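Undergrad: Keeping their order, the protein sequence lines are chains A, B and C. For the first sequence, the numbering used here gives the first residue as 1, with consecutive numbering after it. For the second sequence, the numbering used here gives the first residue as 1001, with consecutive numbering after it. For the third sequence, the numbering used here gives the first residue as 2001, with consecutive numbering after it.
By construction, these hints were calculated from the structure, which means they are not laboratory data. Since the model is a prediction, treat every value here as computed from it, not as a measurement. Careful, some of the hints might be misleading.
As the list claims (entries may be wrong) - Here are the computed lysine-lysine pairs in the DSBU-like style, where the Cα-Cα straight-line distance is at most 30 Å:
(1) LYS2072/C to LYS1431/B
(2) LYS1079/B to LYS132/A
(3) LYS1355/B to LYS40/A
(4) LYS1081/B to LYS138/A
(5) LYS40/A to LYS1280/B
(6) LYS138/A to LYS1334/B
(7) LYS2288/C to LYS105/A
(8) LYS2060/C to LYS1441/B
(9) LYS1298/B to LYS40/A
(10) LYS1193/B to LYS1180/B
(11) LYS1441/B to LYS132/A
(12) LYS1441/B to LYS1431/B
(13) LYS1079/B to LYS138/A
(14) LYS2060/C to LYS1431/B
(15) LYS40/A to LYS1299/B
(16) LYS1147/B to LYS2060/C
(17) LYS1332/B to LYS138/A
(18) LYS132/A to LYS2060/C
(19) LYS178/A to LYS2288/C
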Amino acid sequence: MKILARERANLAIMNVILTFVSFIFLVPFYITFINAFKVKVDIVSSPMTIPFSRLTFDNILRNLNSPNFNLFVGYGTSLTLAILTVFIVIFAASACSYVLSRNRKAGYRYVYLLLLLGLMLPIQVILLPIVKILRVAKLMFTIWGLLILYIGWYMPFAVFTFVGYIGTISPQLDESAKIDGANEVQIFLRIIFPLMGPVLTSVSIYIAVWTWNDFVSPMIILGSSSFYTVTMGIYRAIGQYTQKWDDVFAILLLAIVPLIVLFVFMQRQFISGLTAGALKG
Amino acid sequence: MKSSRFVSSALCALLVLGTASVWAGGKADAAKPAADTAAPAAKAAEISISWQVWITPNLTRTYYDEVVAAFEAKNPGIKVKIVEANAATSGAANDFIKMRLAAGDVPDVWTNLDVAVFAEAGQLWEIPVNDPDLKKINGNPMDAAYKGKVYSFFPSVQPQGCMFYNKTMFKTAGITTLPKTWTEFEAACAKLKAAGFTPIITGGEWVPGLIINNVLSTDLAKNKPNYWTDVYAGKATFVTTPEVVDGIAGLQSLVDKGYFNKGALSIGYADLEGQFLAGKAAIYPMGSWFTAAEAAAKKDFEVGVFSIPTRDGKPSLVASGGYGSAPVVYAKSKNPEAAWKLAKFYVMDSVYGAKFIQVDGLYSNLNPPLEYPMSQLQKDLALMVPTAKLANLQHRLGDAGANGFFDPMTKVGQLILAEGSKAGSPATLAKIFDDYVASLK
Amino acid sequence: MSGKNRNTSTFWNMILMLPGFSIYVLIIILPIFMCFYFGFFDWDGIRDNMTFVGLDNFVKALHDVNFLTSLKTTFFFSIPGTLIVNTLGIVLAVLVNKRSRMTNFYRSAFFFPMLISGVAIGFIWKALLSYSGVVNSLLAYWNVEAIDFLGAIALAPWSILLVNTWHDVGFVTVLYLAGLQAIPSDLYDSAIIDGANKLQQFTAITFPWLAPSLTSCVIFVFTGYMRLYDIIFVMTSGGPGGATETIAIQTIRVGFNQNRFSYGSSLAIYMLVIIGVLSVAITQVLRKREAQLIS
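Can you make the complete structure from the sequences, with help from the hints?
TA: Structure below.
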């Protein structure tokens, strides 16, 4: 009985700590949310409180109805980009990772190290050369140009994560399949890929979120073409000279809301994907 | 994942891919700039130019659309396409234009960038100096020359070395005359502090750069109008220039005596303005664009202005010649004349030119000047404008300033505000400027 | 394997590897080469032409005090940052890896910062930490004097470190969680039978089996912090007085704000080399460890 009590006490303490930690993670989000509906004076004077009598939708509406920003085009573009990027990266990177995980010698090792380079520079440094390349490829100011950029940019992250995961899948499976006459592509498609559930889910979500939130690259690559992402349209309003907090928070909220909606819906998949075998611990 | 689920999700992906590409492809074709492929037979006389505009809270897209509509009405045959740049990714339009140059799709008319930088790089179109419209500008068109060639002009004057002050607080603290020398200025601050007010308010980010720029330029513009030329010729260094060293020392002294607001460096520009208007401090060193916000703000005190004090008490108000506020034309524009017309229209038109300077609190440099309804503060400042010196370290003091000089200025300004004398001796800090100029060679 | 088998193996490997890798080469490797190439000239990023200056830029960079200082600042972020983020990440992942009602909530909470972009995070935390911001208002409420989190030269780097670790812990927690799923549960079962307690289970089974995830997460966080830009740019822009200026901020400022693209490129190449050498070293060490632990 003593052991049980101590275990329960430990559990309780852990829950308290975890809850506290969770609040630290959530507080900035809480601030964004409530301040999006407050008048500027209230935001500045008491950012943490909720003055129920003075809440307003004005901030949100004002920023939705800009004449040169069509919400549907914005969301449509962002969504298309996110979906396409995720699908292409997932397939291309997982295939590549399989090869790199199982082959660590010679040329493959150099490919792996070359992929490291993509993690070492902030994108702004290479953006100008990328623009020149896309110009030659006649892809500037198109969605395809931006898509290619995202695929190239997220390859290293995806490959490294996948390689890390495939490392835990026993090569015995490969061997037995080879004995049965399967080639590498078949082994990948039939055996490895289906086993990568959890890591495919997490990487997909990250890439989707990052693509959705990005605004520097779309602003430069898409420029003033008829397409614009949500964040592009939205970040037009945040400038160096502005800290119109009522606009800023409303804008941030508009940018985050679809992701949260997605997250809430995908919670089940996400959780089951991530904790497929969580019967331990 | 079972294989059936895999197959169905792959099909899903293909469908999405297919639809998206058809949709995107169709729209993208429609979106491609029609430019040169537009049916030439349709409107033979129609010229199409593009205008890179600078979007700010005051200069909105709607405003620019109005300007374009008015321009097109007065100039049938010219169509203007607007390309937006804003401060989301950089402080001026420089980086935006650089990307466009790399992308091969360059607007014809550019606004709000460092003219000297692009002139040096040979990307600007020389404006016709004999254009009769230029006679409307005060002064000689060659005043705006860069290395002997003219790419822009000064349609407006932007006083920068202003010290705005809270009249009520000055009265309460017993300050009856406005300070002209630095000593008088410190004495006034002491009185304000004794009366329980925060004497001076300033902020972080680029603001310290502005402060030190204006403080140093005030004496330099008066005493050494060809300063940059001397520096480039090796005849002067920042470390050995008394105006520079004394200016730095003066600022450090203010910091040491606690005359600045606490936590200045973490206040952003818009907050800063708001705090002064809310009556949080007595003196607000800032440029004249503040007057536009002041005119619109609700407050319970009056704002006055005096220029940054000098060592010897002789007045000197530094101003930027709006160098860069007049649009410039791309060297390789296909329709430079049409672009030039737009550039002139934007700042010289009787209606829109006036709106432009009103929105930013500028002063017209035209003859006759463009007028707009001025607030009392703007009228007060207007009295000082005729004697303002069109020069500050960042833009121009005898010759164009060093490329990107604002960066070391911001750094030194921040160091001074953060630590006062503890940041180093004036000579040590001045050396940072010299090191920077040396590194450019 | 016979020669023929090896060749077909390679053939299929190429089919798998090349699509993704080629796009990567086009978008990342080629631009890096271009930057390297530009470093040998004096290009300002604007002109139509440029003059060859050989190694001038690269030599100048070696004497550049600002660059070296920014390197030191960057290490201040990357070394503690990598340690803190990964330690917390593993701990949280292990704590949260159960099926219980609260863990859904925790998982969501840790993940939330990732939904917001770096720039937005910077804005939000700036509102919290600025001198007249939320945290100081709370302190004032308790009669504590306000702290200049972002404006004091000594404090600013710590504030930046705090915000970045806050943002990234969730990121690695999720990846470690995924990694935990790959650990065969029978290992735990036999350990429990052998009487191992939680701590022993962790050190003997969990931690070693997390080695592959550890490798990738350490590399992500380390390289991410070595090239820290977005959040710092929004919060302090490298200030005050250069206290939070990382090499990324320096390089981009020099290359763009100061209109010295070629010199900025040479700084970027040095940045690449430094991060590259360190990352390769770290990767080799961790991969070796991986191979040892999981066989």
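Undergrad: Which of the stated hints cannot be reconciled with the structure, identified by number in ascending sequence?
TA: none
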